[in-house]
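Protein chains: 2
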Amino acid sequence: MDFDLGAGIAVLERTPLAMRALLAGLPPAWTDATEGPETWSPCVIVGHLIHGEHSDWIPRARLILAQGPERRFTPVDRTAQFRESQGKPLAGLLDEFARLRAENLATLAGWGLTGAQLGLTGEHPDFGPVTLRQLLATWVAHDLSHLAQVARVMAKQYREAVGPWRAYLPIMER
Amino acid sequence: MDFDLGAGIAVLERTPLAMRALLAGLPPAWTDATEGPETWSPCVIVGHLIHGEHSDWIPRARLILAQGPERRFTPVDRTAQFRESQGKPLAGLLDEFARLRAENLATLAGWGLTGAQLGLTGEHPDFGPVTLRQLLATWVAHDLSHLAQVARVMAKQYREAVGPWRAYLPIMER
Numbered sequence: 011m012d013f014d015l016g017a018g019i020a021v022l023e024r025t026p027l028a029m030r031a032l033l034a035g036l037p038p039a040w041t042d043a044t045e046g047p048e049t050w051s052p053c054v055i056v057g058h059l060i061h062g063e064h065s066d067w068i069p070r071a072r073l074i075l076a077q078g079p080e081r082r083f084t085p086v087d088r089t090a091q092f093r094e095s096q097g098k099p100l101a102g103l104l105d106e107f108a109r110l111r112a113e114n115l116a117t118l119a120g121w122g123l124t125g126a127q128l129g130l131t132g133e134h135p136d137f138g139p140v141t142l143r144q145l146l147a148t149w150v151a152h153d154l155s156h157l158a159q160v161a162r163v164m165a166k167q168y169r170e171a172v173g174p175w176r177a178y179l180p181i182m183e184r
Numbered sequence: 011m012d013f014d015l016g017a018g019i020a021v022l023e024r025t026p027l028a029m030r031a032l033l034a035g036l037p038p039a040w041t042d043a044t045e046g047p048e049t050w051s052p053c054v055i056v057g058h059l060i061h062g063e064h065s066d067w068i069p070r071a072r073l074i075l076a077q078g079p080e081r082r083f084t085p086v087d088r089t090a091q092f093r094e095s096q097g098k099p100l101a102g103l104l105d106e107f108a109r110l111r112a113e114n115l116a117t118l119a120g121w122g123l124t125g126a127q128l129g130l131t132g133e134h135p136d137f138g139p140v141t142l143r144q145l146l147a148t149w150v151a152h153d154l155s156h157l158a159q160v161a162r163v164m165a166k167q168y169r170e171a172v173g174p175w176r177a178y179l180p181i182m183e184r
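The listed protein sequences derive, respectively, from chains A and B. 11 is the number of the first residue of the first sequence in the numbering used here; add one for each residue after it. 11 is the number of the first residue of the second sequence in the numbering used here; add one for each residue after it.
Just so you know, the hints here were simulated from the structure itself, not pulled from any lab data. One thing to keep in mind: the hints can contain errors.
All copies of an identical chain are treated as equivalent in the list; a pair is satisfied when it fits inside any one copy or across any two copies.
What the hints assert, rightly or not - Derived SDA-like pairs (lysine to any residue); straight-line CA-CA distance at most 25 Å:
#1 Lys98 / Ala20
#2 Lys98 / Arg81
#3 Lys98 / Ala119
#4 Lys98 / Met11
#5 Lys98 / Ala17
#6 Lys98 / Gly122
#7 Lys98 / Ala31
#8 Lys98 / Ala177
#9 Lys98 / Pro139
#10 Lys98 / Gln127
Fair warning: this is a prediction, and the values are worked out from it, not measured in the lab.
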């Protein structure tokens, strides 16, 4: 499937709603659960998505659109949420994510991007040249990847509780 | 994490909301997308969850609670949704899933299950004896597994569109 701006935005605007529908009001036994040491809980994942709204997607898109002399992206800080979100209640994090995402999608809509602009490039610190189209497609896929992760982290909490059904639930071994 | 009826129900009541938040109103390019031949789209997955509400979880729980001479479960029909839901609009399927789930959770709450009842067993066609507690934990894990699947199926549609970022998105290869 080719990247389509409207179809991509349709997913981006739903992610905060889906995270809220799944997580808001759940006991901490679910929202603070992890897959083991050094892995992320649903709360930490929402914090990571918030950091991306501040620092990754729209700032990188701006850098590409500016086409200035410096088009190299700042590397993603994968532990920022441990400084920025740790200890904050999940309800507030879900609100913050929804607010930032709405602002960022308003910014994106305001740009009225053309096909030519979607083909402009920036420089990824690991991959080299990447297009704005690829960046926006990755924003969408990154959302979905972390939504799948939240569901997987939660499912794994019942790895033992499901008894023999574990054999029919490949998610338990991922 | 041990199965806890309240914590389990907290997830079961959120799944229809999360599916609706993620899928309602999305273009069919997302909701009819699959991972390839013989794999399921988000629409088909919602149909499968509806079939489970009719035929699997509560009927099996009833069979266990009755402790009659016949405690063997009817095998799950994994293709029922292709007969029962094919061609139905997703909006209606999401409504049907939400309605059936609410009814089933009302039934479950009405039983006021005790710890002793959660330890009663039925006979799984493949696994032999399973407890009501394991059945209910599996209901929860099955929801989460299919929510992760929906997000994965959607993410994979951008496998090519993300360009080199594919290397950072293991969900694309699952």
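So, going through the hints one by one against the coordinates:
In this assembly of identical chains, Lys98 and Ala20 lie within 25 Å of each other by CA distance solely across copies; the values are 22 Å between and 28 Å within a copy. For the homomeric pair Lys98 and Arg81, neither the shortest alpha-carbon distance inside one copy (34 Å) nor that between copies (48 Å) is at most 25 Å. Taking identical chains as interchangeable, the C-alpha atoms of Lys98 and Ala119 are never at most 25 Å apart, the minima being 30 Å within one chain and 32 Å between chains. In this assembly of identical chains, Lys98 and Met11 lie within 25 Å of each other by CA distance solely across copies; the values are 23 Å between and 38 Å within a copy.
When the C-alpha separation of Lys98 and Ala17 is checked against a cutoff of 25 Å, the pair qualifies only between copies, where the shortest distance is 22 Å, while the shortest distance within a copy is 32 Å. Taking the shortest Cα distances, Lys98 and Gly122 never come within 25 Å of each other, neither inside one copy (35 Å) nor across copies (35 Å). In this assembly of identical chains, Lys98 and Ala31 lie within 25 Å of each other by CA distance both inside one copy and across copies; the values are 19 Å within and 24 Å between. With identical chains, the CA atoms of Lys98 and Ala177 are never at most 25 Å apart, being 37 Å at best within one copy and 32 Å at best between copies.
Neither within a single protomer nor between protomers do Lys98 and Pro139 lie at most 25 Å apart by alpha-carbon distance, with minima of 37 Å and 44 Å respectively. Taking identical chains as interchangeable, the C-alpha atoms of Lys98 and Gln127 are never at most 25 Å apart, the minima being 38 Å within one chain and 39 Å between chains.
Checked against the numbered hints given earlier, the structure breaks hints 2, 3, 6, 8, 9 and 10 and satisfies all the rest.
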